[in-house]
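Fit chains B, C and D to the given chain A structure using the hints.
There are 4 protein chains.
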Amino acid sequence: MKIGIIGLGRMGGNIARRLMRAGHEAVVFDREQKAIDALVADGAIAASGIEDMKGKLDSPAIFWSMLPAGDITEQTVTAIAEVCGEGDIVIDGGNSFYKDDVRRAKALAEKGIRYIDVGTSGGVWGLERGYCMMIGGDKDAVDHVDPMFAALAPGLGTIPRTPGRPEGDDARAEQGYIHAGPAGAGHFVKMVHNGIEYGLMQAYAEGFDILKGKSSDKLVEEERFDLNLTDIAEVWRRGSVISSWLLDLSASALAKDMQLEAFSGNVADSGEGQWTIDAAMEEKVPANVLTAALFARYRSRVDHTFGDKLLSAMRYGFGGHVEIPQ
Amino acid sequence: MKIGIIGLGRMGGNIARRLMRAGHEAVVFDREQKAIDALVADGAIAASGIEDMKGKLDSPAIFWSMLPAGDITEQTVTAIAEVCGEGDIVIDGGNSFYKDDVRRAKALAEKGIRYIDVGTSGGVWGLERGYCMMIGGDKDAVDHVDPMFAALAPGLGTIPRTPGRPEGDDARAEQGYIHAGPAGAGHFVKMVHNGIEYGLMQAYAEGFDILKGKSSDKLVEEERFDLNLTDIAEVWRRGSVISSWLLDLSASALAKDMQLEAFSGNVADSGEGQWTIDAAMEEKVPANVLTAALFARYRSRVDHTFGDKLLSAMRYGFGGHVEIPQ
Amino acid sequence: MKIGIIGLGRMGGNIARRLMRAGHEAVVFDREQKAIDALVADGAIAASGIEDMKGKLDSPAIFWSMLPAGDITEQTVTAIAEVCGEGDIVIDGGNSFYKDDVRRAKALAEKGIRYIDVGTSGGVWGLERGYCMMIGGDKDAVDHVDPMFAALAPGLGTIPRTPGRPEGDDARAEQGYIHAGPAGAGHFVKMVHNGIEYGLMQAYAEGFDILKGKSSDKLVEEERFDLNLTDIAEVWRRGSVISSWLLDLSASALAKDMQLEAFSGNVADSGEGQWTIDAAMEEKVPANVLTAALFARYRSRVDHTFGDKLLSAMRYGFGGHVEIPQ
Amino acid sequence: MKIGIIGLGRMGGNIARRLMRAGHEAVVFDREQKAIDALVADGAIAASGIEDMKGKLDSPAIFWSMLPAGDITEQTVTAIAEVCGEGDIVIDGGNSFYKDDVRRAKALAEKGIRYIDVGTSGGVWGLERGYCMMIGGDKDAVDHVDPMFAALAPGLGTIPRTPGRPEGDDARAEQGYIHAGPAGAGHFVKMVHNGIEYGLMQAYAEGFDILKGKSSDKLVEEERFDLNLTDIAEVWRRGSVISSWLLDLSASALAKDMQLEAFSGNVADSGEGQWTIDAAMEEKVPANVLTAALFARYRSRVDHTFGDKLLSAMRYGFGGHVEIPQ
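Line order of the protein sequences matches chains A, B, C and D. Residue numbers for the first sequence, in the numbering used here: 1 to 326. Residue numbers for the second sequence, in the numbering used here: 327 to 652. Residue numbers for the third sequence, in the numbering used here: 653 to 978. Residue numbers for the fourth sequence, in the numbering used here: 979 to 1304.
Each hint should be verified, as a subset may be incorrect.
Derived DSS-like pairs (lysine-lysine); straight-line CA-CA distance at most 25 Å [as the list claims (entries may be wrong)]:
no.: 1; chain 1: D; residue 1: K980; chain 2: D; residue 2: K1012
no.: 2; chain 1: D; residue 1: K1032; chain 2: A; residue 2: K218
no.: 3; chain 1: C; residue 1: K758; chain 2: B; residue 2: K425
no.: 4; chain 1: D; residue 1: K1196; chain 2: B; residue 2: K610
no.: 5; chain 1: B; residue 1: K437; chain 2: B; residue 2: K328
no.: 6; chain 1: B; residue 1: K544; chain 2: C; residue 2: K751
no.: 7; chain 1: A; residue 1: K99; chain 2: C; residue 2: K751
no.: 8; chain 1: B; residue 1: K425; chain 2: D; residue 2: K1262
no.: 9; chain 1: D; residue 1: K1084; chain 2: A; residue 2: K218
no.: 10; chain 1: B; residue 1: K544; chain 2: C; residue 2: K870
no.: 11; chain 1: A; residue 1: K284; chain 2: C; residue 2: K791
no.: 12; chain 1: A; residue 1: K218; chain 2: D; residue 2: K1196
no.: 13; chain 1: D; residue 1: K1032; chain 2: D; residue 2: K980
no.: 14; chain 1: D; residue 1: K1196; chain 2: A; residue 2: K99
no.: 15; chain 1: C; residue 1: K758; chain 2: C; residue 2: K791
no.: 16; chain 1: A; residue 1: K284; chain 2: D; residue 2: K1077
no.: 17; chain 1: C; residue 1: K791; chain 2: A; residue 2: K99
no.: 18; chain 1: D; residue 1: K1077; chain 2: B; residue 2: K610
no.: 19; chain 1: B; residue 1: K610; chain 2: C; residue 2: K751
no.: 20; chain 1: B; residue 1: K432; chain 2: C; residue 2: K870
Coverage of chain D stretches by chain B, computed from C-beta distances (three or more under 8 Å per stretch; other residues unrestricted) [said to hold, decoys possible]:
no.: 21; stretch: 1127-1134
no.: 22; stretch: 1266-1275
These stretches of chain B come out as covered by chain D in the derived footprint (C-beta under 8 Å, 3 or more residues) [unchecked claim]:
no.: 23; stretch: 377-391
no.: 24; stretch: 469-480
If you're looking for bench data, these hints aren't it; they were derived computationally from the structure. Small disclaimer: the values here were computed from a predicted structure and weren't measured. Virtual Cβ for every residue (Gly too), placed ideally from N, Cα, C.
Bound conformation, chain A alone (with noise of 0.2 Å):
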């Protein structure tokens, strides 16, 4: 298939890559010129634009849109559905809110325009590794690039079957790529993804924290292990209930440096975990580990929160507890 891709960072260049390995055309374009080139060297056909784009796509067109979330995606969507008409296909595959991909799909229906919202997951790893997808869209239109996801996807690999999954079941699942429903329904499942995946790093990070501690000598001797974190994270990997990708990476970081002094310690949030918490409120599920590593990247990028002081300044007018700044 032939698939114009807009926003070629280090998702969507190599995405363009992989479609290109699996025999897929890429036809492409980014705000830096740089970018381009380095696709065009690839193998992609380069676009001045999104008209020059779909002057270069087949019928029905094929836009994969991967920027990041926010006005930037929404502009861009509103300017591919200006060049498109019926039957074309417009994909997100950013990190948009599923709401708004709920609004976008509506919008561009009424042109006939196909909107499909996918999340991606897999990070820089996915142009070895494959794509994990979630999808969200008309069975029609998912049906339609069915095999430029099945290209972007791991595909089964070494990963065993799951014992006891029925033969009759959507065989994507098992390619690594689902039609989770309707527009949104992709992002949506990303965004959970991606709310679980707080609260699995934070569990590391805590559990870490207090093998930490324990070789703190802040402790009295006899209370003290001199715990070896690089070789407890190679262990856990091997047969342990704990076993997964992100402590593989977390081994892997340890076995560089057991102090992790390249970083800094100020998390980063998308907006996902935000907008898992919103859903579970939506729906009244109570979700305290997932906010509770929400809560804790946003606690990792200030010094002092005004509440801690407001703590101190309590404890001064209640018991005379002096905790002024030295």
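Frame of chain A, contents of chains B, C and D only:
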């Protein structure tokens, strides 16, 4: 009554004073001669040590140890027990762990010594307002020293009676002290009191953080409110559902400086918050709020956790996200 | 002043009564004729609808909508706006989302109508104690209706002045009402108030849970205390650091029945707890306690979460642990 | 080597089998004769008790106690110590509290007996996959039984080596076992492992709860997605950031029944989750996620907390809200 008081810090000194104001006699000792002198100036009898104190008390002797929890209290109670005999009374008014009380009471009972544990709330305000006391120990011992507790307690004062409180209920509760149960029960109730205190404080802290955040110039102007936190604290004291003494203290601190710049925000925790969570876990009672409040204090005292760095490392591992120290 | 009040429920009816007691006139309307009749019996002027009400008010007309948040408030404000003109004042005293206030104020301003949002705390006790009010809107409008707010507020009463509060500060805060900022600011502050309220309530709830658990016969006898929760709540009201109005209410409920058997424990939440967390996330402010308090309410209303079952399923998967329904 | 194994339950029996498959000899004992018979059928040597077992072992004798934590392990270790002498080795492979290990090792060392604690992960899958082991004890003892650990461990298998792991690092970690430190260190690391396990599990549980809630007919139709949880779990196994063994197990459970109706959702917790929080508090390390995960399990086992009822009572007190049992 005549009471021997060991430990003349912020709490012990004022307890002696309030007892003397009510006509009781205080024999006092402290490691700091200055502290003894100050009490003697207020009418107390000086003791040069525990043995000397014993000689200056009536029979049965009543000792009140008012020291920080931990080794020093343990040593003092042991030392008192050595000079005591059948029928004498040893009171621990510090913040001891209630299981230590159970153990001590048992050990002292073998020599006929009666042990009482008193959890005391009221902080630096107790001298004027009276002390709220939660008492554990055998009934006969607690009854014997009742006149002393009655003098220390706030009394009915201006606080309205609780609607619906039956006439037959223990009148002491309305005077501000209770006999909570056998040895340990007093400190157990005080421990939970402090656990709740942490939760309440953190609830206000987070609320004011959100108000502060809404006034922050990190928000775009249309989304910002320039809120006067001092007036908000003040108005909530008057007729709102969240009025409390801790809010009174917050209002006072904010009235002096709305930025609370005098406070570091490195918030200490005594053992009681931690013991409360221990008790919750022993009972298998979920206590998410009390625990989050405790952990917020731990977090206030570190710059970055090691866990934060591990999060950064994982994010770099899967997404190439760079979170390095500047 | 003459005020038109729409919505004569628990809150609206008593607001009308308190205004009339202070010499103001109330023109009243409710969908329930009985509610109108009751107010007329107390001296109010009946209106048959919004248009009729407008005719019975002075110029500028002052409308006070006191309805639950959501569609009904939106419709009512729209209906009022239709009969209003330049300079008239529309007050929303319900629990509206503050962003709705911002939007409404803007829309109404185009017709010269002045919109005020009032967050009101005090519950069923407001008629006697007065209402604590947090007000948003333009200064001239808020000033115009000041006599009405002054009548509704608790006034100085017996609550002591805050030590350290400067003389020059807004005196209204000490009377129990504040002008918090432009439209939306009133409901924003009230929203955070409710968020804090949830946190405070849950802190007490967990504390009493731990006291209750310690009295449980699930513990072996030596580890158990037979605690009198009624007396504990009572004594904490008197001189302790955690005294508050919510504790007063708890003491009263426990005095009536220490088992609280009349209460289901299916705890509702209004929108404001959720909006507070939304606001925290928008500001990137960690709010672990307020969130845990909200989630505890969600959790109180379900028997088992699906997540609980998944935990059981995983435990069965790795450990052969059997957690099946009996 | 020849190893005496006491406790032939799910774990102990399979450990004996895996050792025998590797050419080691197992002398076995259990309170259930049936369990002994089953092992003898697989090639083990029966012992009629600990003394008999000692007679059938080489010198130094190697005992492996594989019993649930608590009194039974304590009694067994004591009984073994009574028949042991200088140089013999006692291994506790159960889930003991690490502070018990420290104490036991000290006591046994006085008689020249060498104590080793082994935290074992792998559950019912260990016989085939091998056991991930975290080992504490003196170097000479651990080295002596190394062939046994090597046989029990998974070995390198198909799990890729960690990129960046230096050549010089302890090779045992890559085989799936580590010598973590002195006595207690093994169970300490295993304890934290289980704490993390709880956190990971709860992160998935909450995520699937949110997916489930989105499919609920409590939502209005436009806001609902009819999500296939089985396929979602499956697709996340393949190339996503959150792939893990626990997810594999979830996918398998959901493949068998997407409603998980066979599971009660009354989720048990072993002591290790609780001890992990204890350790965090001793180190003053915030562990919000691990604690929330533990508390979710407590909460899953009660219908309503007493605290829930107190919330209802307060709500009735200030707002007249009625939350009574139907």
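_Within 8 Å of chain D's CB atoms, at least three CB atoms from the stretch 469-480 of chain B: coverage verdict_ = With 0 residues closer than 8 Å to chain D, the stretch 469-480 of chain B misses the three-residue bar; violated.
*the stretch 1266-1275 of chain D covered by chain B? Criterion: 3 or more residues, Cβ-Cβ distance below 8 Å.*
Contact hint for the stretch 1266-1275 of chain D vs chain B: holds, 6 residues under 8 Å.
*Does K218(A) lie within 25 Å of K1032(D) when you go C-alpha to C-alpha?*
43 Å, violated
*Given the proposed pairing of K758(C) with K791(C), does the C-alpha separation stay at or below 25 Å?*
15 Å, holds
*Taken at face value, is the distance from the CA of K610(B) to the CA of K1077(D) at most 25 Å?*
21 Å, holds
*K432(B) and K870(C): Cα distance at most 25 Å?*
Holds. K432(B) to K870(C) sits at ~23 Å (cutoff 25 Å).
*asked:* Can you tell me if the stretch 377-391 of chain B counts as covered by chain D, using C-beta to C-beta distances under 8 Å and a minimum of three residues?
replied: Result for this restraint: violated, n = 0.
*With a cut-off of 25 Å on the C-alpha distance, tell me whether K425(B) and K1262(D) pass.*
Status holds; Cα separation ~21 Å.
*Regarding the pair K1084(D) and K218(A), is the alpha-carbon distance no greater than 25 Å?*
23 Å, holds
*Between K1032(D) and K980(D), is the straight-line Cα distance small enough, at 25 Å or below?*
11 Å, holds
*Has the given pair, K284(A) with K1077(D), been kept, meaning a C-alpha gap of at most 25 Å?*
41 Å, violated
*25 Å limit on alpha-carbon distance, applied to hinted pair K544(B) and K870(C)*: Not OK: K544(B) and K870(C) at ~52 Å, beyond 25 Å, violated.
The structure fails to meet hints 2, 3, 4, 10, 11, 12, 16, 17, 19, 21, 23 and 24 from the earlier list, while all remaining hints are met.
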